[in-house]
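Colleague: Chain by chain, the residues:
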Amino acid sequence: MQLPLWPEAASAVATEIDYLYIYLTVVSVVMSVLIFGTIFVFCIKYRRRGDEIPEPIHGSLRLEITWSVIPFLVMLTFFWWGAKIYFLNATPPPNSMDVYAVGKQWMWKVQYPEGQREINELHVPIGRPVKITLASEDVIHSFFIPALRIKHDVVPGHYDTMWFTANKAGRYHLYCAEYCGTEHSGMVGWVTVMEPADYANWLAGGGSSGTMAQQGERLFEQLGCSSCHLLDRQGRCPSLRGVYGSRVQLSDGKTVQADDAYIRESILNPNAKVVSGYKPNVMPSFQGQITEEGILQLVIYIKSLGITNAPGAPTAAALAAPQNGGKQ
Amino acid sequence: MADTHAIATGHSTGHSSEHPPQLRHHFDDMHQQFDSATFGMWVFLLTEIMFFGGMFGAYTVYRSMYPEAFAATSNFMNPAFGAANTAVLIVSSLTMALAVRAAHLGQQKFLQLMLVLTMIFGTAFLVIKGFEYHEHWVDMKVPLFPGHWAWDGPLAPPQYAHQAQILFCFYFFMTGFHAVHMVVGLGIMTTILLMARKGSFGPAYYTPVEVSGLYWHFVDIVWIFLFPLLYLIGHTKNLI
Amino acid sequence: MSTALQDPQTTETPNYLNAEYGWKSWLFTTDHKRIAVLYLISISVMFALGGVFAMLIRLELLTPQGDLVNSDTYNKFFTMHGVTMVFFFLIPSIPATLGNFLVPMMIGAKDLAFPRINLLSWYIYIAGALFALAAIVMGGVDTGWTFYTPFSTTYSNTFVITAAVGVFIAGFSSILTGLNFIVTVHKMRAPGMTWGRLPLFVWANYATALIQVLGTPVVAITLALVGLERAFHIGIFDPAIGGDPILFQHMFWFYSHPAVYIMILPGMGVISEIVTCFSRKGVFGYSFIAGSSLGIAIIGFLVWGHHMFVTGMSMYAGLYFSLLTMLVAVPSAIKVFNWTATMFRGSISYETPMLYAFGFIGLFTIGGLTGLYLGTLGMDVHLTDTYFVIAHFHYVMVGGMVVAYLGGLHFWWPKITGKMYPEGWGKFSALLVFAGFNLTFFPQFILGYLGQPRRYHAYAPEFQVLNVMSTAGASVLGIGFVIPLVYFLWSLKYGKPAGNNPYGAKGLEWTTQSPPTTFNFDVTPIVTEEAYAYAKHEETHVG
Chain A
1 MQLPLWPEAA SAVATEIDYL YIYLTVVSVV MSVLIFGTIF VFCIKYRRRG DEIPEPIHGS
61 LRLEITWSVI PFLVMLTFFW WGAKIYFLNA TPPPNSMDVY AVGKQWMWKV QYPEGQREIN
121 ELHVPIGRPV KITLASEDVI HSFFIPALRI KHDVVPGHYD TMWFTANKAG RYHLYCAEYC
181 GTEHSGMVGW VTVMEPADYA NWLAGGGSSG TMAQQGERLF EQLGCSSCHL LDRQGRCPSL
241 RGVYGSRVQL SDGKTVQADD AYIRESILNP NAKVVSGYKP NVMPSFQGQI TEEGILQLVI
301 YIKSLGITNA PGAPTAAALA APQNGGKQ
Chain B
1 MADTHAIATG HSTGHSSEHP PQLRHHFDDM HQQFDSATFG MWVFLLTEIM FFGGMFGAYT
61 VYRSMYPEAF AATSNFMNPA FGAANTAVLI VSSLTMALAV RAAHLGQQKF LQLMLVLTMI
121 FGTAFLVIKG FEYHEHWVDM KVPLFPGHWA WDGPLAPPQY AHQAQILFCF YFFMTGFHAV
181 HMVVGLGIMT TILLMARKGS FGPAYYTPVE VSGLYWHFVD IVWIFLFPLL YLIGHTKNLI
Chain C
1 MSTALQDPQT TETPNYLNAE YGWKSWLFTT DHKRIAVLYL ISISVMFALG GVFAMLIRLE
61 LLTPQGDLVN SDTYNKFFTM HGVTMVFFFL IPSIPATLGN FLVPMMIGAK DLAFPRINLL
121 SWYIYIAGAL FALAAIVMGG VDTGWTFYTP FSTTYSNTFV ITAAVGVFIA GFSSILTGLN
181 FIVTVHKMRA PGMTWGRLPL FVWANYATAL IQVLGTPVVA ITLALVGLER AFHIGIFDPA
241 IGGDPILFQH MFWFYSHPAV YIMILPGMGV ISEIVTCFSR KGVFGYSFIA GSSLGIAIIG
301 FLVWGHHMFV TGMSMYAGLY FSLLTMLVAV PSAIKVFNWT ATMFRGSISY ETPMLYAFGF
361 IGLFTIGGLT GLYLGTLGMD VHLTDTYFVI AHFHYVMVGG MVVAYLGGLH FWWPKITGKM
421 YPEGWGKFSA LLVFAGFNLT FFPQFILGYL GQPRRYHAYA PEFQVLNVMS TAGASVLGIG
481 FVIPLVYFLW SLKYGKPAGN NPYGAKGLEW TTQSPPTTFN FDVTPIVTEE AYAYAKHEET
541 HVG
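Protein chains in written order, with our numbering: chain A, 1 to 328; chain B, 1 to 240; chain C, 1 to 543.
Treat the hints as calculated values from the structure; they're not laboratory data.
Be aware that one or more of the hints could be misleading.
Subject to a maximum C-alpha distance of 16 Å in a straight line, what follows is the list of computed EDC-like cross-link-like pairs (lysine to aspartate or glutamate) [unchecked claim]: (1) A:K279 - A:D232; (2) A:K273 - B:E68; (3) A:K254 - B:E68.
Per label pair, the in silico range of CB-to-CB distance [what the hints assert, rightly or not]: (4) C:L130 - A:T77: 37 to 43 Å; (5) C:L431 - A:T66: 32 to 38 Å; (6) B:W137 - A:P280: 26 to 32 Å; (7) B:N75 - A:R171: 30 to 36 Å; (8) A:K279 - B:F131: 49 to 55 Å; (9) C:L431 - A:W80: 37 to 43 Å; (10) A:Q2 - C:G424: 39 to 45 Å; (11) B:G187 - A:T91: 41 to 47 Å; (12) C:L130 - A:K279: 54 to 60 Å; (13) B:F225 - A:L231: 29 to 35 Å; (14) A:T91 - C:Q65: 39 to 45 Å.
This structure is a prediction, so every number in the text was calculated from the model and none was measured.
Beta carbons are placed, not taken as given, at the ideal position from N, Cα and C, and that holds for glycine.
Between the sequences and the hints, there should be enough to build the whole structure, so can you do that?
Modeller: What follows is the structure, given as structure tokens:
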């Protein structure tokens, strides 16, 4: 008979959250014992013995202030510690390895730049920061790994990201944590954290369809993108070489950063941001013709056409080579 | 129990001479009844502010997300209609305020005249709105009705098609809910007018007139906010 | 007539229950006490219905596999459990029953300010409930009580619009009740009943009414937009056509967070009344308890984002909402400390209502403290959408609100019906509820930290033992709820006649006969003393 009472911790952040949890619990227990104990004592000491009428006690400003301010200060320590972890979780380090996960009713489709694809499984190495880019094909999902104490909602219409660094090998639950329909409780899987050498071996098994960039390149040709964006000589559309990471000037005068979200939007709603010097209504929308997975492959491919160097962004050459699990 | 003194007031021994027929049993006197009724109407209007406010809030959020799109849709609003409606409603609030005053002073004929004028202006508002909706219907600017929505032409940048549809939905919801409140207001005014014709109101009792006046002014004020928000901001083309 | 105030009641003595007979005298009544009874019956039916769904959920969760019913059916169970419990039981509960009955009496009035609107709000509630029942009977809704988009607007194949219409309509019932209470407390207080002398139950219902009036219209418009989006595919909440699903969450939680304070504040008011009576002592820190009700009402409007920490909102928004969530805990803590201090040097007796009050203080404290876990940003990332959240809100809603409601029902039952319930059974049920409740929901804190997500039809096998414990507890809890139903009904015929004031409590309602006459007071009382003036001489200050 299994009776687990505490989840495994597979990252430094998870351990820190455990300490925070213990701290919260200790404070809560102390508060509760104080209150319940006091009431218990009062119940016995001041139980009704006859017809006595007790002396009224109107109140005490000093007590009220004391037992407002002190608990609030204690709560501020909760707030501060929690905020610190939250901020840490919000910014992936620049050398993170990328993984892409698409949530769709009712499965997780995970893709690696090297080309592996998995369903409801995620393999990561120990010690390397992993940045997961999340997309939804349909409704809101949530990518939850209890052993790492992290989750992030996967909201349709844009990309969400989360990151972690696992520090303990093992196999851990992966859950969808935002109710998404019939098989919400079936949208579960496993995260396998591996020693670096094992991870490199696993990765070398490769995907049968080529790297994500290669898959993206095939899509790029199939959907006709190359006829304009690579081969065009008439200036109908902007070239995509080096566009990733650059600042793009739009026809309304604004400038935007060409990141994953920009590329995704340009594919699905091209008239939303038209590049300066080009006309609207030339590029068709691919809404409904391409899956979120496909869009991610195209994003990786476009990255491989050259990146204008945002600090920390990997170079095209680094992207083209398969990622080695042990490399830092 | 002996700690609260109880005194006999007039009520427990039946109707006294200072017990007007409109005084409801649970109130001590007409003043309390009037006070409660007007306060109650203010609280109700507060809930209406939250209701319309929710819509205004959602509209504001979308507007700040897609400012150019919303500015483009302003080109299809007809500020002439909007301005006419604003003028009509402001005048109707004037006649309503005069009606309340007339009731207070017991001026029966003037009261009825002002109520009728208020209703005429209120109806005029709805008629103008009807013409305006009809113009949108013909111009293919009514979303969700196949055959009556199209976003094209020189004033309709195509990249804003989705947002334009959302904006026009907001436009019809907000003005539509407002118009429903106007219709309810006309119903209320009808009731008040009928009561006025029976001579129910005078200095001693004019609570329903006062309370209806508050409601009418509120419906007017909502329009005062709707008009610039939906018609004026971002309007670039001069439509007659 | 005035001598009847002193005598123990017989059923022949004229009171609001026997003033008129016949269904018309009930369905067209404007007496706030009769309307309270109408509400009492209606919400008890909805509570029973919600409880049936709860039992079905817990039965399914006895085993890790989804083997009792299929997934769609299970999803409907938890949705309908939430919808009936939140909108058709918890939100109306105390204000519409005990509040309706007692607020006019506590301030020395003959009725609420707008008795006909009071009746209307009951009819509106019934209309809303009929729509919700229709949705259930036609096949149910499976979106969760939170109706998140785009699932509810585009993907669900169930009767979302019907259910949303039911909730929309019921919202107006809540608004009108709130409006009535606000005007009543402002305008209908008896001479000498100043704001500073109001019973804390009145303050609690007043603060609740403020929230009802300001918050409910927002959820009304939100649900209206969901219905319109579902019917006409406008695109407000659907990202595929340019909409924003997170906007829905902001609008929804803007109401639904204050709504939880609608649910708990009246319960806190009940506890203030019970603790003072059964300590036979004035409350400690009256102005702080009254002020804290208002404080909770106001700050409660500013914290809704703590339901959305993992949706991708900006970190700075997260900081703001987390900080304010800590702040809103302070007024609740003040109440708990003040109730405890009220017992200091009191004269404490342990009748059933007081047992429920003790239960409330214990369970609400735990529920409130676990709310702090959820308000702590990094911690919430792990805990949100797990069983920890379910445990937290059941501790405050059931361990807090329902326990307070039962305590209040027991406390004022003699006043409402003129009969006493059997005290032995009352104490037994209170203990059963306490034990069953903890066994049901405490394991869920552990499950949540372990990572069992909420709204899961099937779960990982290693979680079974804790789930079985929880189901066992739910059975005990269910029995604990059924027994009072039985003996309350039994007491209507066989209960000992209660006098005007069986507990020797302070408060204008106890000066009337039990059950009261239709107009409550033969003569309008004049109030000359503070609330809870159990002792007559000078009060002392401590500290």
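Colleague: Next, verify each hint and record whether it holds.
Modeller: So, going through the hints one by one against the coordinates:
1. For the proposed pair K279 of chain A and D232 of chain A, the alpha carbon gap of about 15 Å is at most 16 Å, so the pair holds.
2. For the proposed pair K273 of chain A and E68 of chain B, the alpha carbon gap of about 12 Å is at most 16 Å, so the pair holds.
3. Note on K254 of chain A and E68 of chain B: the hinted pairing holds, with a Cα-Cα distance of about 12 Å set against a maximum of 16 Å.
4. Between L130 of chain C and T77 of chain A the beta carbons are some 50 Å apart, a value that contradicts the proposed interval 37 to 43 Å.
5. Take L431 of chain C and T66 of chain A: their Cβ atoms lie about 34 Å apart, and the range 32 to 38 Å holds.
6. Evaluation of the 26 to 32 Å hint for W137 of chain B and P280 of chain A yields a pass: the beta carbon distance comes to about 28 Å.
7. Restraint check, N75 of chain B to R171 of chain A: a C-beta distance of roughly 60 Å breaks the suggested window 30 to 36 Å.
8. A hinted range of 49 to 55 Å is violated for the C-beta pair K279 of chain A and F131 of chain B, which are about 37 Å apart.
9. In this structure, L431 of chain C and W80 of chain A meet the distance hint of 37 to 43 Å, their C-beta atoms being roughly 41 Å apart.
10. Between Q2 of chain A and G424 of chain C the Cβ separation comes to about 41 Å, which falls inside the hinted range of 39 to 45 Å.
11. Checked against the given bound of 41 to 47 Å, the beta carbons of G187 of chain B and T91 of chain A, roughly 59 Å apart, lie outside it.
12. Between L130 of chain C and K279 of chain A the Cβ separation comes to about 56 Å, which falls inside the hinted range of 54 to 60 Å.
13. Checking the proposed 29 to 35 Å range against F225 of chain B and L231 of chain A shows it is violated: the Cβ atoms sit about 54 Å from each other.
14. Look at T91 of chain A against Q65 of chain C: about 40 Å separates their beta carbons, and that is inside 39 to 45 Å.
Hint compliance for this structure: hints 4, 7, 8, 11 and 13 are not met, and every other hint is.
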